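Peer 1: Sequence:
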Amino acid sequence: RTFVLNRPEAYNALNLGMVRTMTPQLQAWEQSDLCKVIMLKSDHPKAFCAGGDVKNVISLAKKKDPTALSFFEEEYQLNHLIATLRTPFVAIMNGITMGGGVGLSVHAPFRVATEKTMLAMPETAIGLFPDVGGTFFLPRLDGETGTYLALTGDRLSGEDVLYSGIATHFVPSHRLPALEERLNELESDDLTVVNMAIEEFSAEPTKHRYSLGPHRDAIDRCFKYNSVEEILAALKKEKSEWADKTLETLNAMSPTSLRVTLRQLRIGRELGILRSFQLEYSLVQKFLSTPDFYEGVTAKLVENRAPQWSPATLAELPESKVEEEYFQTPAPNSLSLLNGVDYKLSPHRKFMLPTEQDVRQAVMGERASSGSVRPNKAEVISALTKEWNSRTFVRERVEEIVERCCRPDAEGYLNWTAA
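Each residue of the sequence shown is one higher than the one before, counting from 1 in our numbering.
By construction, these hints were calculated from the structure, which means they are not laboratory data.
20 Å max Cα-Cα, derived EDC-like pairs, lysine to aspartate or glutamate:
#: 1; residue 1: LYS386; residue 2: GLU200
#: 2; residue 1: LYS245; residue 2: GLU229
#: 3; residue 1: LYS55; residue 2: GLU303
#: 4; residue 1: LYS350; residue 2: GLU387
#: 5; residue 1: LYS36; residue 2: GLU181
#: 6; residue 1: LYS36; residue 2: GLU199
#: 7; residue 1: LYS321; residue 2: GLU230
#: 8; residue 1: LYS239; residue 2: ASP217
#: 9; residue 1: LYS224; residue 2: ASP142
#: 10; residue 1: LYS116; residue 2: GLU204
All figures in this text were calculated on a predicted structure; none of them were measured in a lab.
All chains should be built: construct the whole structure from the sequences, respecting the hints.
Peer 2: This is the structure in structure tokens:
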């Protein structure tokens with residue numbers, strides 16, 4: 001069973017009609033014993049889904065049309081449905097995958113990136129916040145990677161989408177037709193069987209190194225704080241080209257978006273998937289009644305100019321005001337989801353590459369597979385490669401983390417030195 005995103009003139013930007021087509025069909029397939037695997041793909045040569053159709057949303061909202069809010073309500077319902085399906089769901093993110101496109105894919109058990117994948121959560125640049133479940137998935141990325149991606153809107157491409165933990169597999173685009181044929185032939189809805197089928201088409205690792213890797217320590221140092229001002233101050237202390245560029249990026253973003261997003265992600269660490277979407281539905285109602293979302297979309301996507309944010313600076317928007325207006329004051333409407341399934345950790349984590357936490361546990365002798373209390377580099381790589389059934393990219397992923405986060409002693413045994 002396959003969904004094909006098909007709004008080529010809009011780079012498959014998601015609108016309410018598309019959501020209303022997908023949701024009932026997903027529910028029907030979920031109830032069908034004949035449906036073993038669901039695929040979501042695009043036939044567009046450059047885009048999977050470029051995000052929600054926010055230009056249409058603000059046009060409706062300006063006219064007080066209630067379908068502007070309905071879009072977010074039903075989009076979040078669809079995202080949560082994808083996150084809680086029993087039927088295996090494979091999202092093939094071949095091309096631009098932004099905002100609403102991330103929401104359609106990141107909650108699936110299988111997220112396939114290709115060399116054409118370009119992924120971002122760019123909401124702070126348009127006066128919004130990273131919704132579509134960003135509250136849940138962003139704080140669960142390694143270290144402060146999610147905070148960095150959420151506040152800056154930085155883009156990840158190709159293998160980086162896999163190494164970040166957002167994608168579960170990397171398949172060259174020329175192999176996609178064969179992969180789709182293979183998935184359509186499956187007569188099992190066992191997630192492990194589906195995982196093995198996708199793995200048959202995975203690329204061989206190249207010499208590409210995770211682009212955020214060289215900056216990961218700085219990202220954790222600078223983005224660990226709970227106030228935007230402290231993050232900016234930490235970046236100024238870094239005195240590097242990367243930090244200067246990041247500062248310039250943050251200074252162009254909506255101050256309201258930055259404040260709300262940082263608080264959203266800190267709260268999201270403790271929320272389950274269900275409450276995450278409910279929080280976002282509350283927040284989006286506040287954004288529809290304040291100016292920055294309208295200004296950001298109009299300036300960036302319609303008139304191609306720099307937005308004029310209101311308030312224009314962080315100093316004009318105290319944290320206490322954001323807390324009261326966006327997080328303490330109830331929104332007019334609450335979100336009812338299509339089922340009550342909730343979890344705090346994705347049940348599909350085992351299909352991702354090892355995380356920094358997994359590697360740390362192996363180094364510290366805290367995993368059943370790691371054996372030696374004081375392993376060397378080869379032992380850690382071997383143990384985790386074996387635990388992940390020799391999946392492609394596992395060795396490269398573990399090696400990158402070990403080299404960055406560990407120091408060997410005189411005898412070659414590893415000490416975990418990262419924060």
